[in-house]
Amino acid sequence: MRPFLLVATMVAGTALTRFLPFVVFRRSTPDYVSYLGRVLPSAIIAMLVVYCLREVAWASAPFGLPELLATACVVALQAWRRNSLLSILVGTLAYMLLIRL
Amino acid sequence: MRLRAMKLAFAKSLPVMAGYVVLGTGFGILLRSAGYGVWWAAAMGVFVYAGSLQYVGVGLLAGGAGILTTALTTLMVNARHLFYGISMVDRYKDAGPYKPYLIFALTDETYSLLCDGLVPEGVDPHLYRFLVSLFDQSYWVAGCVLGSLAGAVIPFSTEGIEFSMTALFVASFTERWLTERNHLPALVGLGCSVACLAAFGPESFLIPTMVLITAVLTILRGRMGETP
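So the sequence lines, in the order shown, correspond to chains A and B. Taken in order, the first sequence gives residues 1 to 101; the numbers are from the working numbering. Taken in order, the second sequence gives residues 1 to 228; the numbers are from the working numbering.
Next comes chain A alone, as it looks inside the complex (with noise of 0.2 Å):
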């Protein structure tokens, strides 16, 4: 019975986090709520960066090296051919290969 009531609760609570926003503001938008609308998914695309890269260990070999040089393929890749699924396949299989060097 407890596992049924743990997913249960991971479940709700998880929908109450996803559609809280929509249910407050349901009827009208604030101006504030907008504005953040449109300035967020910036910050938040950047946040989500950082967090991807949150255990990375700059301090000891190799320090951070797979990483940086793996992100900094994906970004040359993205802004030369401005494709994503190219960007992200070469950007990981490099990234493989530089953990295995």
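In case anyone wonders, no lab produced these hints; they're calculated from the structure. Treat the hints with care, as some may be off.
To spell it out: a stretch of chain A is covered by chain B in this simulated footprint if at least three of its residues, at any positions, have a beta carbon under 8 Å from a beta carbon of chain B; those stretches are [claimed, not checked]:
1. 13–25
2. 28–38
3. 50–58
4. 83–95
Beta carbons are placed, not taken as given, at the ideal position from N, Cα and C, and that holds for glycine.
Given chain A's structure and the hints, the job is docking chain B onto it.
Chain B alone, transformed into the frame defined by chain A:
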């Protein structure tokens, strides 16, 4: 018309496929090793559908956590969803029958695909976003099930493939940087995240980061002008 929307949505969702299948597989393996089989993996992939929480959830299930602990952990781990919601309120407002699912399925990755607001011409935007969200979840559920069923017998080393998630966000960041005129929000996000990571450490910096980002963007509201 619908077929075209499907093709375009599939193409848009492709960058998420590898990451979701791999991370979902990792979750399936972990959950099985904690004593919960394929139906549990599938049910959590379908109904919880939140990557980091599902990983944490394995520990909660295995460790005998109580309901209150589980509820608080869920809210903490998923608090960032509130911010995704706030930035999608206007966009999902008129999505009609698609709206509940669009909101339910707003994960980190789906958000990063849809937050630019771009929709191919001649396609119903709500149907398009619905299909992108649905494709993403199907990869995730497939991964969860795969991991639970076959995880232990994957014949080659996939170490490092989890970098595809990092690459997805880096590509998304770069693309936004190249298209937006005002880089201030991106720089605020970057600066606040690094500062909070240094101050609070990798385990607990997300929530302070989001509070700080919101505070700084609020202060800057007057000078942001028409953004982005």
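Hints versus structure:
1. Look at the region 13–25 of chain A against chain B: 11 of its residues bring a Cβ nearer than 8 Å to a Cβ of that chain, three or more, so the hint holds.
2. A stretch counts as covered by a chain when three or more of its residues have a beta carbon under 8 Å from one of that chain; for the region 28–38 of chain A and chain B the count is 8, and the coverage holds.
3. With 6 residues having a Cβ less than 8 Å from any Cβ of chain B, the region 50–58 of chain A passes the three-residue criterion, so the hint holds.
4. With 8 residues having a beta carbon nearer than 8 Å to a beta carbon of chain B, the region 83–95 of chain A meets the requirement of three or more and the stated coverage holds.
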